[in-house]
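Protein chains in written order, with my numbering: chain S, 590 to 945; chain E, 590 to 945; chain U, 590 to 945; chain F, 590 to 945.
Certain hints may be false.
Pairs count within a copy or across copies, as identical chains cannot be separated in the list.
Derived DSSO-like pairs: lysine-lysine, alpha-carbon spacing no greater than 27 angstroms straight-line [unchecked claim]:
| # | residue 1 | residue 2 |
| --- | --- | --- |
| 1 | K901 | K855 |
| 2 | K764 | K636 |
| 3 | K858 | K903 |
| 4 | K739 | K855 |
| 5 | K901 | K858 |
| 6 | K858 | K688 |
| 7 | K755 | K776 |
| 8 | K910 | K688 |
| 9 | K787 | K910 |
| 10 | K855 | K688 |
Since the hints were derived computationally from the structure, they do not count as laboratory data.
Protein chains: 4
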Amino acid sequence: MSHNTFGHLFRFTTWGESHGPAIGVVVDGVPPRIPLVERDIQRYLDKRRPGTSRFVTQRREPDRVEILSGTLNGVTTGTPISLLIRNEDARSKDYEAIKDLYRPGHADYTYDAKYGIRDYRGGGRSSARETASRVAAGAVARKVLGATVKIRGALVQIGEHEIDRKRWDWRECAKNPFWCPDARMAKTWESYLDSLRKAGDSVGAVIEVIAEGVPAGWGAPIYGKLDSDLAAALMGINAVKGVEVGAGMAAATLTGTANADEMRMKGGKVTFLSNHAGGILGGISTGQDIVARFAVKPTSSILTPRRTVTAKGKNAMIATKGRHDPCVGIRAVPIGEAMVACVLADHMLRHRAQIG
Amino acid sequence: MSHNTFGHLFRFTTWGESHGPAIGVVVDGVPPRIPLVERDIQRYLDKRRPGTSRFVTQRREPDRVEILSGTLNGVTTGTPISLLIRNEDARSKDYEAIKDLYRPGHADYTYDAKYGIRDYRGGGRSSARETASRVAAGAVARKVLGATVKIRGALVQIGEHEIDRKRWDWRECAKNPFWCPDARMAKTWESYLDSLRKAGDSVGAVIEVIAEGVPAGWGAPIYGKLDSDLAAALMGINAVKGVEVGAGMAAATLTGTANADEMRMKGGKVTFLSNHAGGILGGISTGQDIVARFAVKPTSSILTPRRTVTAKGKNAMIATKGRHDPCVGIRAVPIGEAMVACVLADHMLRHRAQIG
Amino acid sequence: MSHNTFGHLFRFTTWGESHGPAIGVVVDGVPPRIPLVERDIQRYLDKRRPGTSRFVTQRREPDRVEILSGTLNGVTTGTPISLLIRNEDARSKDYEAIKDLYRPGHADYTYDAKYGIRDYRGGGRSSARETASRVAAGAVARKVLGATVKIRGALVQIGEHEIDRKRWDWRECAKNPFWCPDARMAKTWESYLDSLRKAGDSVGAVIEVIAEGVPAGWGAPIYGKLDSDLAAALMGINAVKGVEVGAGMAAATLTGTANADEMRMKGGKVTFLSNHAGGILGGISTGQDIVARFAVKPTSSILTPRRTVTAKGKNAMIATKGRHDPCVGIRAVPIGEAMVACVLADHMLRHRAQIG
Amino acid sequence: MSHNTFGHLFRFTTWGESHGPAIGVVVDGVPPRIPLVERDIQRYLDKRRPGTSRFVTQRREPDRVEILSGTLNGVTTGTPISLLIRNEDARSKDYEAIKDLYRPGHADYTYDAKYGIRDYRGGGRSSARETASRVAAGAVARKVLGATVKIRGALVQIGEHEIDRKRWDWRECAKNPFWCPDARMAKTWESYLDSLRKAGDSVGAVIEVIAEGVPAGWGAPIYGKLDSDLAAALMGINAVKGVEVGAGMAAATLTGTANADEMRMKGGKVTFLSNHAGGILGGISTGQDIVARFAVKPTSSILTPRRTVTAKGKNAMIATKGRHDPCVGIRAVPIGEAMVACVLADHMLRHRAQIG
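Make a model of the complete structure from these sequences and hints.
Right, dumping it as structure tokens:
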């Protein structure tokens, strides 16, 4: 059962609300004797941190992680690793006005429908703030995977504006505020988002995550397939509405002849001449790059007034104030990377368990 | 852990290879005193059964289900329900020729890479034949859900040919061999698939599954979200490369203003003016229709020769003979319905557990 | 969740009622390329089989196992292993008379209280017949553990009659119908049970299971401790009321000085001078023999009339006819061995997953 | 998988080492809208707290609990409840001397054997300090169960000194430092433990936990039986070597005639004339009191020198200094209660899930 726990052998449990004293995550199943200090985690939290550019929320959270257990002298001991991040810039008063209003596109109504109670302050548990815990867990997952597995994400589409894959350059990602691998498209996005921001609107995006160095053989068919677990992991990120592996939804348009990733021996090793499969066949990694994509819907908190209802069942209008991301897809890049890392770490251990 | 088990409270475990004596599924967690006889399951197996038209594989399997446990006098007892389906038309000799050849796009290579052994006869465990077990489990899930929840699937795209949603008529689905809700498009598909079949090629497809009658409140955030579990369920079906909920990948192109599913009171009830969310917000059902889609890649077994390698590491060519589906997407319709039913039954029980 | 599934990485799911067409078990997570044929399983089923002496039930079941999946040419493939055992000597009519009577000490009343329905024929799902599935799973577990781990059980007490541990000789176990390692005590038991049988009564017993060759390090603290999992496994066997590891309940009477298993180096290896711990410290194996014991209550089905109530809520008397074991503890020996084997196989894989 | 997670629907995950900055627990699956404030938890922590009498360790820990998430205005919200307890009186220096020495009876050697690293300070993760987290989780479980289920524990044996059950008076438990229901025996224990303490020795004990008010029907056969889960829960407590339900190990000595808990209708309700079953039949509660017992071995940390080995493989002698309990069984009473409460809360939810 997995209300708030993700994974099986490498597994993490998150807790915490947007405006409570802190959020956190307990990471369990980590092999012993792996070097791990707070700095290893902090660098990924810094990628997700709010307030780093005008294109993300202006909430000022240092997101400083503390390791409370599970390491000794900078090395894991095999016991659960408890990570704590304090909430420092919560402005709960911003939310008093919408305490009884359901924001369309938000989980306000469904949390109330399910639980009959809801922490309305900053979205409570349903806030994207929870994803900081995932990023922290992902940083630990990377240490478990080791240096041979390299996981990188990029923003490949905002609204209708897709990158040109011929211009893909990983080094560009760190040079613009979008994790965009296409320098020219980054410019386009900048002016597009500025205009959206001024209009009090928001927009969706597509993120692509690529894992290099995954050996052939990871994945646990039939109901622990690598792609199935990736799909769950990515669809479970706040605001995600679609997930693709390899050719993705476009696989529907391909013929068998075109789709076949043909194989050849090369230097004594099996190689593939294409990667429509996204590195996964029958739920098991092929040894090629794992390629996953996910679409994030536009931020639901917008300044434009929308029709809604109150908790008491009255019609009303709402325009969300507060500090929000015009495109949550941007900060979803390190989150997507983290989830992919966690899935892979789990499957590395699962594979080792069964196969040795 | 879930190598071959799906679900938590409503859960099933499948077993069996394409060319072994039988396949089967054990369904556990079913509430007691629900009427259940073989006929309730058989009708869904008949939808998935091969050999029903010239557009699906010509393997002749009656797929007759036997209930071996868990019922008494046509009623469930709360104990595990074991369902058995014998394999009757396995032609293992068809596969002798490709015993040491890896079919591109198939799981042949990855199973060998993972396990160091592989049941090559008809794809063994990775065969789509396993999905009969899912359909059987799905039939039980429907009984658990009861009559108020209605789950229906349709084929909405083959290759580049998409249906016209304005012509959507559920009654058409049973009238053509594609489960196509658009009578006119069914004609187009017929001639398109005929030409593909003659060319020895295959093509992908998109299936849409809609669940009506799901009350608001199902889903278990943060890591048991309803959409996350649906994504895992659908991505885990053989050959699936993409999964969407509601607006899906297209959510990336929407603005917040357009994407907001506005709300109004209507007859004392909360209603939504649109359903970009696909019936799920924050991982919890909204009470609207649950709308999920998935893309199936083209059958990898094609007559056109493709480059490949042998298990011994030699380059080779392969053209798959045997009996195959030119578009596996067709038979994926009842499978998608079944997986959605199983996810919903599981979440109905999970919701009841926590909320009462 | 685990209604009918046991274990995590090495895991099995059982199904079937005493008087249904068959019972069975699906064993999942088994490493590939392990030799496994029906004979490997049958030898353990033959140990548990009814009708082998006058001290066990006279139901005549060959308990012949069929492997339906998961192997190819006598070797495991890493996919789920489905095992089927047909019920052949079910005499459901014997149970018509007690259809509405609750047998004291049996699960009749509680199954009805829980499920509102109950398969009364031969105890249905609560019958000890289900344990054949465990024995089959245990046989597979032994293959996973390999030859270095040796698991043996013995009956050490019937009623007040305890064996003399100084006379313990494993070879004796196969020479008497009780799996008794003390030849002299076996004689006492024979006459004691004969008199009980004639009196239409039954009696309890204690079984001890010892696993040799388990290396130090298995077990997953804090909530997957090896002793905790053994306790669950053994307490879950029908009719078990107590479980002990090492010194067991008697540990309460020891002083710290006496209880300490002192340690010395011997031939470069850590050795222990005693084994009050039963081979487990902090939930992790020490490398010593794992020693577990469990007490089985007397068969509840006895000829002596007892007071009871009917399903309709009337007072009544009951004297169970049918074919029963005067001491179910005897046949519990191979069942206890099987459960210990399954726990160890699971922990071997879990340990390998985390530690490599 | 459950390295550090206990339970399924009501589930908790603990973390933390004896001498780290804090320990804690995340409780998940709690139904919403249950009143819960820190005081509800603190009262049970105070029962387990060290330093309350001369018979328990003199470590001075206030064990003050903080609720970090999962409640709003003193009521649960259905989201995970994170509880934190800071370590305040850790004296890690006391442990420098035994850093490389394995204390017999402790988990020192096995943690090293398993993980190749060990937090030696105060026993690290294997310290009984972790049980404070269980007690905190147990307090939440009691709130989930509600007032109709009453769970109480008592110490019934220290060394050879057993209470006289005819003198059992629950009110006495709070009047002596042992949770002893037999006032006269409490006196005997006082002088017995004083003499042991002076001799630098320790002794074992037996705890009995009784749950009243559990309705008939809880428990999930076959592998989620109520007694099986209780056995795992109690055997998993530090230092426990034996677990009994109802008649326990003594069931072996009973005849079927004596063991049968006969039934009669009384005021229209099913009643039992005895309770050898300890309130559980076939893994399902009968509606009688649930009666479980467990034996705790003597504290391994004793002043008397014992033979041991060093981490480097040298023979050595050890006499543990530091602050320890002469009889850890005393503080095991609230821990046992807590584990029983957690098992019952989990099964209450599981039962509700399947049966409604």
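Consistency of the hints with the structure:
1. K901 with K855: between (67 angstroms within a copy, 13 angstroms between copies)
2. K764 with K636: For K764 and K636, only the intra-copy Cα distance (13 angstroms) is at most 27 angstroms; the inter-copy one is 54 angstroms.
3. K858 with K903: between (66 angstroms within a copy, 10 angstroms between copies)
4. K739 with K855: Within one copy only: 23 angstroms inside, 46 angstroms across.
5. K901 with K858: between (65 angstroms within a copy, 11 angstroms between copies)
6. K858 with K688: Between copies only: 20 angstroms across chains, 61 angstroms inside a chain, cut-off 27 angstroms.
7. K755 with K776: Answer is within: at 16 angstroms inside a copy they meet the 27 angstroms cutoff, but 39 angstroms across does not.
8. K910 with K688: This pair counts as within: shortest intra-copy Cα distance 13 angstroms, inter-copy 57 angstroms.
9. K787 with K910: within (14 angstroms within a copy, 60 angstroms between copies)
10. K855 with K688: Intra 63 angstroms, inter 22 angstroms, cutoff 27 angstroms: inter-copy only.
The structure fails none of the hints (numbered hints given earlier).
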